[in-house]
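Asker: If you want the building blocks of each chain, they are given just below.
There are 2 protein chains.
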Amino acid sequence: MRLHGFFRSGASYRVRIALGMKGIPFEQTSYMLRRGDQKQPGYVALNPQGLVPTLELDDGTLMTQSIAILEWLEETHPEPAMLPKDPMQRARVRAFALAIACDIHPVQNIGVLNAVKALGHTEPEANEWARRVNSEGLDACEKMLAGVKGPFCFGDKPTMADICLVPQLVNARRFHADTSNWPRLLEAEAACNALPYFVAAAPERQPDAE
Amino acid sequence: MRLHGFFRSGASYRVRIALGMKGIPFEQTSYMLRRGDQKQPGYVALNPQGLVPTLELDDGTLMTQSIAILEWLEETHPEPAMLPKDPMQRARVRAFALAIACDIHPVQNIGVLNAVKALGHTEPEANEWARRVNSEGLDACEKMLAGVKGPFCFGDKPTMADICLVPQLVNARRFHADTSNWPRLLEAEAACNALPYFVAAAPERQPDAE
Numbered sequence: 012m013r014l015h016g017f018f019r020s021g022a023s024y025r026v027r028i029a030l031g032m033k034g035i036p037f038e039q040t041s042y043m044l045r046r047g048d049q050k051q052p053g054y055v056a057l058n059p060q061g062l063v064p065t066l067e068l069d070d071g072t073l074m075t076q077s078i079a080i081l082e083w084l085e086e087t088h089p090e091p092a093m094l095p096k097d098p099m100q101r102a103r104v105r106a107f108a109l110a111i112a113c114d115i116h117p118v119q120n121i122g123v124l125n126a127v128k129a130l131g132h133t134e135p136e137a138n139e140w141a142r143r144v145n146s147e148g149l150d151a152c153e154k155m156l157a158g159v160k161g162p163f164c165f166g167d168k169p170t171m172a173d174i175c176l177v178p179q180l181v182n183a184r185r186f187h188a189d190t191s192n193w194p195r196l197l198e199a200e201a202a203c204n205a206l207p208y209f210v211a212a213a214p215e216r217q218p219d220a221e
Numbered sequence: 012m013r014l015h016g017f018f019r020s021g022a023s024y025r026v027r028i029a030l031g032m033k034g035i036p037f038e039q040t041s042y043m044l045r046r047g048d049q050k051q052p053g054y055v056a057l058n059p060q061g062l063v064p065t066l067e068l069d070d071g072t073l074m075t076q077s078i079a080i081l082e083w084l085e086e087t088h089p090e091p092a093m094l095p096k097d098p099m100q101r102a103r104v105r106a107f108a109l110a111i112a113c114d115i116h117p118v119q120n121i122g123v124l125n126a127v128k129a130l131g132h133t134e135p136e137a138n139e140w141a142r143r144v145n146s147e148g149l150d151a152c153e154k155m156l157a158g159v160k161g162p163f164c165f166g167d168k169p170t171m172a173d174i175c176l177v178p179q180l181v182n183a184r185r186f187h188a189d190t191s192n193w194p195r196l197l198e199a200e201a202a203c204n205a206l207p208y209f210v211a212a213a214p215e216r217q218p219d220a221e
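In the order they appear, the protein sequences are chains A and B.
My numbering puts the first residue of the first sequence at 12, with every later residue one more than the last.
My numbering puts the first residue of the second sequence at 12, with every later residue one more than the last.
It is worth saying that the hints were derived from the structure and are not from the lab.
In this text, all values refer to a predicted model and were calculated from it rather than measured experimentally.
It is possible that part of the hints are untrue.
One copy or any two copies: either way a pair holds, since identical chains are not told apart in the list.
Stated by the list, open to error - Here are the simulated lysine-lysine pairs, DSS-like style, with alpha carbons at most 27 Å apart:
1) K160 x K33
2) K50 x K154
3) K168 x K154
4) K160 x K96
5) K160 x K128
6) K96 x K154
7) K33 x K154
8) K33 x K128
9) K33 x K96
10) K33 x K50
11) K50 x K168
12) K33 x K168
13) K96 x K50
14) K128 x K96
Required output: the full structure, derived from the provided sequences and hints.
Answerer: Here it is, written out as structure tokens:
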């Protein structure tokens, strides 16, 4: 398999973690998002959205949207599981993952920050937008875990929730969000970052890291 | 079941369609988003994100995030199915649904448009932001269906892809996006809107419609 992505892309990071969790080896092709590599015709032919990541299977099949890729990995490589067995527990895990994947990540990605700048705002103003989105979004995520036993987001095993959380916390720090309100999220992050496949997926470990 | 939502909310609309598809009766409580009802303490106690919808089961269990709710409905009420059986086909349907649920809808919702206005921009400028997001996003969705047989997004039955598409097209028109570039999306929409449960879920049919 080949992951078309970028070391700093949170959505690519999710897929790297999940591939590592399932023990699937993969190669990577890197697209420099700031330079707009992902909007070039060659890449848009792979992924009409012009977003990373795209997962390319050995037979050339292309898959897009990180959460759809995670669900496919779970269905085709069930062990170790990233979703619980009980439907209601699965819904809780997915709701947490989607609170990040829908309501935080896409609202602070490079496309949106470029749109804020195109309205006449400065880089610091765009970065403040991103800080606010991370801050408010992860405040809600902290509350979603109230009363849920750790150390991971949902109990004693990492799930799709943790796979979305860890990359988002990296972004939150990059935009100088205050993490001190999130003891439960940080507990889950620490538990994740004790696992080799979370460590291996970290941005600074990727071949394209700056 | 009780759906906490709003007639015009695209994410609430998705859940209304899915409940109708599965033949599940439900009641509704309405939150006027422009007035900020969804940010009041009473509602945030139900849903820490302060977003609609929330689905409340008869035993008081609360579920959030429309896509997580759709997945739960599919797992607990499998017929009629909103996802194909084959994992790769499921991934394609989910990728299309998530291209809307992650990369269009949250980037043009009322929270983001309020944030654009808070940066000093006018209502028409905020609406132009929403038009552009719908326009660019659905252009990519049209391309994602290139070569895929209709009349629905993915073949002869409606799926989660159609359930996300139909509400987004309502939004796209509201923000005056040009729909003429989307013949394939409009074909799917027409096929959906010939089905009674899509019709019943439409914003203008809801008790809180203005």
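Asker: Against this structure, judge whether each hint is valid.
Answerer: Here is how each hint holds up against the structure:
no.: 1; hint: K160 x K33; result: within (24 Å within a copy, 33 Å between copies)
no.: 2; hint: K50 x K154; result: between (37 Å within a copy, 14 Å between copies)
no.: 3; hint: K168 x K154; result: within (20 Å within a copy, 38 Å between copies)
no.: 4; hint: K160 x K96; result: within (17 Å within a copy, 34 Å between copies)
no.: 5; hint: K160 x K128; result: neither (41 Å within a copy, 40 Å between copies)
no.: 6; hint: K96 x K154; result: within (23 Å within a copy, 35 Å between copies)
no.: 7; hint: K33 x K154; result: neither (29 Å within a copy, 31 Å between copies)
no.: 8; hint: K33 x K128; result: neither (39 Å within a copy, 44 Å between copies)
no.: 9; hint: K33 x K96; result: both (17 Å within a copy, 22 Å between copies)
no.: 10; hint: K33 x K50; result: neither (30 Å within a copy, 39 Å between copies)
no.: 11; hint: K50 x K168; result: neither (37 Å within a copy, 32 Å between copies)
no.: 12; hint: K33 x K168; result: within (14 Å within a copy, 32 Å between copies)
no.: 13; hint: K96 x K50; result: neither (39 Å within a copy, 33 Å between copies)
no.: 14; hint: K128 x K96; result: neither (44 Å within a copy, 44 Å between copies)
In the structure shown, a violation is registered for the earlier hints numbered 5, 7, 8, 10, 11, 13 and 14, in ascending order.
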